[in-house]
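*Asks:* Residue-level listing of the chains:
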Amino acid sequence: MTIVYQRPQALTDTVTHYCPGCTHGIIHRLVAEVIDELEIMDQCIGVAPVGCAVFAYNYFECDMAQAAHGRAPAVATGIKRANPANIVFTYQGDGDLAAIGTAETVHAAARSENITIIFVNNAIYGMTGGQMAPTTMPGQITQTSPYGRDPKLAGYPVKVCEMLAEVDGTTYAERVSVDSVKRVRNAKRAIRKAFEYQIAGKGFSIIEVLSTCSTNWGLEPVEALEWLRKNMIPYYPLGVYKDKGASE
Amino acid sequence: MAEKVLMKGNEAVAEAAIMAGCRHFFGYPITPQTELAAYMAKRMPKLGGTYLQAESEIAAINMVYGASAAGVRAMTSSSSPGLSLKSEGLSYLAGSDLPAVVVNIQRGGPGLGGIRPSQADYFHATRSTGHGDFHLIVLAPNTVQEMFDLTIEAFELADKYRVTAMVLGDGMLGQVMEPVDISRAGNITTFAKDWALTGTQGKRSKNIVNSLYLEAEELEMLNLKRYEKYAEVGKYARTDSYLTEDAEVIVVAYGICARIAKNAVNGARKKGVKAGLIRPITLWPFPKKQMKAAAATAKAFVVVEMSMGQMVEDVELSIRCSRPVILCSRTGGMVPTDEAVISAIMEADRTERS
Chain A
1 MTIVYQRPQA LTDTVTHYCP GCTHGIIHRL VAEVIDELEI MDQCIGVAPV
51 GCAVFAYNYF ECDMAQAAHG RAPAVATGIK RANPANIVFT YQGDGDLAAI
101 GTAETVHAAA RSENITIIFV NNAIYGMTGG QMAPTTMPGQ ITQTSPYGRD
151 PKLAGYPVKV CEMLAEVDGT TYAERVSVDS VKRVRNAKRA IRKAFEYQIA
201 GKGFSIIEVL STCSTNWGLE PVEALEWLRK NMIPYYPLGV YKDKGASE
Chain B
1 MAEKVLMKGN EAVAEAAIMA GCRHFFGYPI TPQTELAAYM AKRMPKLGGT
51 YLQAESEIAA INMVYGASAA GVRAMTSSSS PGLSLKSEGL SYLAGSDLPA
101 VVVNIQRGGP GLGGIRPSQA DYFHATRSTG HGDFHLIVLA PNTVQEMFDL
151 TIEAFELADK YRVTAMVLGD GMLGQVMEPV DISRAGNITT FAKDWALTGT
201 QGKRSKNIVN SLYLEAEELE MLNLKRYEKY AEVGKYARTD SYLTEDAEVI
251 VVAYGICARI AKNAVNGARK KGVKAGLIRP ITLWPFPKKQ MKAAAATAKA
301 FVVVEMSMGQ MVEDVELSIR CSRPVILCSR TGGMVPTDEA VISAIMEADR
351 TERS
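The listed protein sequences correspond, in order, to chains A and B. The opening position of the first sequence corresponds to residue 1 in this note's numbering, with each subsequent residue numbered one higher. The opening position of the second sequence corresponds to residue 1 in this note's numbering, with each subsequent residue numbered one higher.
I should point out that these hints are in silico values taken from the structure, not numbers from a laboratory. Since the model is a prediction, treat every value here as computed from it, not as a measurement. The beta-carbon is built from N, C-alpha and C at its ideal position, and this holds for glycine as well. Every clue listed holds true.
Straight-line distance between alpha carbons at most 25 Å, and here's what the computed SDA-like set of lysine to any residue pairs gives:
no., chain 1, residue 1, chain 2, residue 2
1, B, LYS206, A, TYR18
2, A, LYS202, B, GLN201
3, B, LYS160, A, ASN83
4, B, LYS203, A, LEU11
5, B, LYS46, A, ALA85
6, A, LYS202, B, GLU55
Pulled a few chain B residues facing chain A out of the computed Cβ check, cut under 7 Å:
no., residue
7, THR50
8, GLU55
9, ALA59
10, TYR65
11, ALA70
12, GLU88
13, GLN201
14, GLY202
15, ASN210
16, LEU212
Generate coordinates for the entire structure from the input sequences, incorporating the hints supplied.
*Replies:* Here it is as structure tokens:
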């Protein structure tokens, strides 16, 4: 009998704390599969954020650090500069990366730190119970935008890939989604490329993954995937925003 | 032969760090510690080390967190407003039991304050360095030589106890030039760091560097354990004493103020007052025993510091307010004069022995 599907070695044998229907589990698995395929687990060091993915340090089988809110790119910088042979990635949500950690994110890109960032954008603060995020879209209802995000009062969302594409140090920025099998496979390809670039010393990569939050969006998992397709993808178009690595 | 080099205090700290094996410096420009970062920027690339000018003080301390987690000796330096920003990182370093060396070349505050020397971050360094239950080891040099010596000691203590050790200087100590004997560096210890994030290399199970514990019982237990470690660190409480044997008035001062106080003790002695000086070298742990011992023979204390009165509270606590304690201080970047300290000593001498 052939085994066609099993837990990647880079994932621990742990029940995660993620809500039913959350796509964090898929994204964790994609990262782990890439770590397995590239055979880098022994050199890999991950940095967990503050937010829903805070316990990522329990789920990946490689060495892990937990960083202060938004500081993962700075912590990853310290780790990478200490031992450049290590493969260093951060796994961050939108509040962590695009609000409190904007400076750390932009400047890690500007320095073209040779690290990989997995950025999970679900347009809401999940862990704290569904508040407005830097990526909450105009009109979107959250606990702290109960009448819908009004750009006149609450400003506009930050489009991370678009912004980082303008930074000279960014090597690779791509936005993907995990709302369908086809897109899950594409997301894995992008994550793999980001890690390959790091191995090749090509510099800063960020893969933004559009993700659902059934619990705080107040939608069934299938409805949440539909909501993502209908509302998020038009606002956050998928695709490659920058790829300097391909031409190098 | 001792090799003496003329250096600024800031440069002496930087050279000491390099001699202590630090190859990872993360900083952000701020006066009056600038020469420290500049020295590192010049030397580190030639040593194969990292000088990284961070986008913020917050990023710099978190880069130290990362480098320290990866097992190397790392440091950052700043001045007072920068330390406010580093507070978050200092708390996380403590919560994750990571070693680090942090330098504060203090300037006047609060707010943007000024750029003249100050000791107004004493409370910040010894009491409220960040959120939660934790301490730093705080070392207070009073010469450029000690800036050098105590920086090396800071790295050793940080690694030994997995804590942050702070070198607490001031704008004057950072800027003044004095001869330094750099051959005093001594032996540097290599500490085994089996907890460090170096990649498992297929030889061990994963390491985690973390400060999150949602179970209150577990977090309490870890805090208690950390405080057992701090109790152990307590034995490093250290002072330098001058003419204390027969002293009736004990002057307590650290850093640059201790040099002024020493002159004042000599001045007071010429006027017939038996004055002596105790200079805390460690501010945390504070030398409580030494203060208590001095209270047995002295009738009064004078505390000299460049703040509205911060260390004075530790002196009063150490002697349980059993003797009068007179504060002689200037603030906002002003430095006390010998004469002002002599006056305070004379006033203390007039108090009746209780």
